[in-house]
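Given next are the chains, with one letter for each unit.
There are 2 protein chains.
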Amino acid sequence: MDGPWVNLAEQLGADLHLDLAGPGSRRAVLIRALREAIRTQRFPPGTKLPPYRSVAADLGLARNTVADAYAELVAEGWLMAKQGSGTRVAERAEPLAIATTTLTSAVAARPLIHDLRQGLPDASAFPRSAWLAAARRAITQAPNEAFGPGDPRGRIELRVALTEYLARARGVRTSPDRIVICSGFAHALRVLFPAVLRGPVAVESYQLAFHRLILAAAGVATVALPLDEEGAQVAGLTDRPDVSTVLLTPAHQFPLGGPLAAHRRAAVVDRARAGGGLLIEDDYDGEFRYDRQPVGAVQGLDPDHVLYIGSVSKSLSPALRLGWMVLPERLVDAALGAKGQREAWAGVTDQLTLAELITSGDYDRHIRRTRQRYRRRRDHLVQSLAERVPHVVPAGIAAGLHTVLRLPAGTEDAALDAATRAGIELDGLAAFRHPDAGVGPAADGLVVGYAAPPDLGYRGAVDALCTTLASVR
Amino acid sequence: MDGPWVNLAEQLGADLHLDLAGPGSRRAVLIRALREAIRTQRFPPGTKLPPYRSVAADLGLARNTVADAYAELVAEGWLMAKQGSGTRVAERAEPLAIATTTLTSAVAARPLIHDLRQGLPDASAFPRSAWLAAARRAITQAPNEAFGPGDPRGRIELRVALTEYLARARGVRTSPDRIVICSGFAHALRVLFPAVLRGPVAVESYQLAFHRLILAAAGVATVALPLDEEGAQVAGLTDRPDVSTVLLTPAHQFPLGGPLAAHRRAAVVDRARAGGGLLIEDDYDGEFRYDRQPVGAVQGLDPDHVLYIGSVSKSLSPALRLGWMVLPERLVDAALGAKGQREAWAGVTDQLTLAELITSGDYDRHIRRTRQRYRRRRDHLVQSLAERVPHVVPAGIAAGLHTVLRLPAGTEDAALDAATRAGIELDGLAAFRHPDAGVGPAADGLVVGYAAPPDLGYRGAVDALCTTLASVR
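The listed protein sequences derive, respectively, from chains Z and Y.
Taking our numbering, I'd label the letters of the first sequence as residues 28 to 500.
Taking our numbering, I'd label the letters of the second sequence as residues 28 to 500.
Bear in mind the hints are in silico, worked out from the structure with no lab data behind them.
Do not take every clue at face value.
One copy or two, it doesn't matter: identical chains are merged, so the pair holds either way.
Said to hold, decoys possible - Calculated cross-link-like contacts (lysine to aspartate or glutamate; reagent style EDC-like; alpha-carbon spacing at most 20 Å):
{"hint": "1", "residue 1": "75", "residue 2": "471"}
{"hint": "2", "residue 1": "109", "residue 2": "356"}
{"hint": "3", "residue 1": "75", "residue 2": "257"}
{"hint": "4", "residue 1": "109", "residue 2": "391"}
{"hint": "5", "residue 1": "75", "residue 2": "118"}
{"hint": "6", "residue 1": "75", "residue 2": "414"}
Hey, can you work out the whole structure from these sequences and the hints?
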């Protein structure tokens with residue numbers, strides 16, 4: 028069985044090519060074809076499969092598609108992967124019964140071709156080399172106690188690096204002992220409510236629904252603030268003295284896109300100061316601004332009345348689960364107590380590596396590079412829309428990794444249906460609307476993330492989007 | 028200011044050596060001396076400090092002690108560290124006010140010399156090279172989608188590797204899609220209660236208090252099971268049909284040390300089967316068994332009625348925050364729902380790296396090596412006790428990273444006080460006793476972890492412990 032590998036393209040060629048041209052994800056088709064060939068013993072146990080790259084070349088597939096298909100079949104027990112000796116059909120040809128059904132249905136449920144979901148950076152842009160180089164330096168140099176039980180605030184190296192970085196890049200004023208490392212924004216909300224802060228909380232009338240759901244699960248009611256071209260209308264809170272906490276995305280309103288106007292930034296801070304309140308600042312994509320200097324964090328205006336939360340989910344990868352809270356001093360102990368000394372927070376290796384990545388300047392270089400890349404993508408999207416569907420005007424394009432396409436009233440559902448048929452995954456504006464929000468000027472629309480597809484797939488995705496939009500005008 | 032560094036030993040020598048000989052941690056003394064020298068401008072802004080190793084050599088300190096002191100002072104703003112150009116006194120000689128007070132008190136509160144706490148592996152044994160090599164292979168080879176939003180169950184590579192490893196090393200029978208990656212045991216408990224499982228839960232009458240506290244915070248009552256030399260007396264549950272879930276440490280009762288007897292393993296599974304119940308198996312140190320083959324997991328007896336939880340907290344480091352639940356199929360979806368798709372779980376780089384570490388065999392090699400090391404430590408402890416305090420008999424020494432030293436009735440508090448005076452940190456048995464537990468045969472005792480100190484410090488720690496025990500007899 029150690030001979031040359033079976034030639035997939037030859038063995039499955041005709042059928043497979045035919046299938047790959049049809050509907051459904053190419054990965055799912057490949058998995059199905061391979062599984063069938065193994066089950067029917069067309070590929071008997073021990074058969075050596077070709078490496079990803081040759082299958083990819085033979086069948087005209089992305090290498091990752093083949094890699095994913097192999098991984099799935101390894102997980103299901105059909106294939107065995109062994110370092111150095113490639114991938115083979117499993118010797119016991121009897122796959123794990125449970126795995127097969129579950130994973131098959133998971134695959135079948137994902138006929139996704141064009142990923143235009145908001146909130147995701149380009150996974151292929153993760154700076155693997157820089158990350159590994161930083162990890163090598165950081166892990167080699169770390170003191171032994173780094174691998175001990177650890178500081179519940181997070182590694183001192185990372186908190187020091189963030190203090191300097193956030194001051195420089197985002198205008199955040201803090202010190203390392205007011206930073207608490209967490210897994211990201213959702214984790215921060217769960218830590219803070221209800222143990223540290225109480226509701227009701229004022230939120231923007233358009234926001235990520237799962238933030239509201241986390242608050243609701245903690246028994247915290249939300250009050251929707253109307254939005255206009257200057258951002259959230261915080262003045263509306265004058266008759267709500269019971270609302271002491273406000274949760275905003277001041278640098279780049281999510282999802283509508285504008286920055287909070289300067290006088291409103293001042294107003295929300297003044298209100299917090301006067302009433303002992305707090306602004307929770309969700310700085311989810313503050314690094315990605317295309318028109319001018321980044322809009323600084325509101326936190327810099329008053330570190331004692333703003334709780335700033337950021338993460339690497341947009342700048343590096345959401346899969347790192349690495350974020351930070353910058354807390355007013357009076358809340359630090361309560362937040363640490365609520366978080367728990369042994370509870371989930373980021374692993375020490377990632378913390379040390381990010382600290383080194385920041386200190387070495389590689390983090391800045393990566394952000395500059397991806398900012399340029401996303402800017403080019405944004406420009407291509409804006410230009411394509413102008414040429415092919417000029418009635419669709421993108422909004423909120425000065426920053427971030429997404430844009431909002433306003434649609435004629437009543438057409439959002441039809442546009443989403445058409446997108447789904449075209450294999451495009453994205454969300455409509457309705458998905459972000461607070462249940463108490465009046466249906467405002469931005470009532471119908473699509474939220475288009477332009478960062479997620481790999482470079483090779485991006486133009487095709489925009490093309491499919493334009494075709495779809497033209498069909499529902 | 029780019030000249031040679033200030034010679035610390037010369038400048039601070041006499042005072043410092045004097046102080047270092049006195050009470051309190053050496054790190055705290057060094058920090059205090061350095062801070063004083065900077066504050067009084069004896070070391071003016073820009074002064075270059077010598078590298079760790081030369082300070083360590085000059086002053087007779089561990090290199091990590093010096094590194095920690097530098098890191099603390101960087102955090103406080105007294106020093107600046109810059110890659111490649113060493114550590115200097117900060118240019119703006121005005122340190123961060125908040126940092127100073129907080130960190131100073133944190134340092135003052137830690138005059139720890141001998142760390143004999145249970146539950147901690149030797150932080151200096153973390154396999155940095157093997158980890159970095161695995162990280163390089165894993166991160167280089169990972170498909171792009173690894174850096175996308177991710178699978179809430181955790182990376183498929185890790186779940187596949189764990190399926191194979193847990194079967195081989197612990198007798199666990201599962202498939203990758205019944206594994207959910209989490210941050211460790213505490214995280215698993217928080218995910219499971221109250222969303223997936225209901226109380227009351229039967230627990231061992233000696234256990235980690237924070238497990239009980241997590242359950243209590245979730246509104247879950249616990250019922251204490253008495254312990255004898257065969258482990259938890261599960262038969263006592265016959266008159267408690269309301270208790271359907273049992274939480275045990277079957278491989279190595281924590282903290283008393285014995286394995287659960289075979290007939291009791293069978294009984295707890297039979298009970299779960301008969302009543303639709305569940306055993307939660309906390310396999311916290313199953314890899315470390317010294318007398319014979321590891322005691323296999325109870326999960327292997329009935330994967331549908333045992334929920335198995337493990338982690339790398341003992342085998343690699345608690346700072347990785349990396350663990351796994353092996354779930355009965357019927358609970359998988361509920362656990363994933365409770366965990367949340369965006370909530371804290373381990374970062375993808377650690378997941379991929381651990382998968383590669385396991386697949387390559389380096390994880391097994393590391394465990395074999397540390398097992399030998401801990402076994403030697405255990406032997407040294409047992410022998411020292413026999414020679415110097417023969418009336419103190421260690422229990423539960425066939426496995427794990429700790430032992431229990433039974434003490435004459437009524438002497439635990441005095442022993443703990445004496446240990447604190449001798450600079451030894453450890454816990455008494457009372458800290459692990461369930462409030463409803465009858466005070467049994469093991470009423471007074473110390474729980475001695477023998478893994479935490481670095482190799483160089485271990486013999487001194489055992490020596491101090493023996494001296495302390497001799498003084499309280």
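Inset, instruction - Quick one: which hint numbers does this structure break? Sort them smallest to largest. - result: Structure breaks hints 1, 2, 3 and 6.
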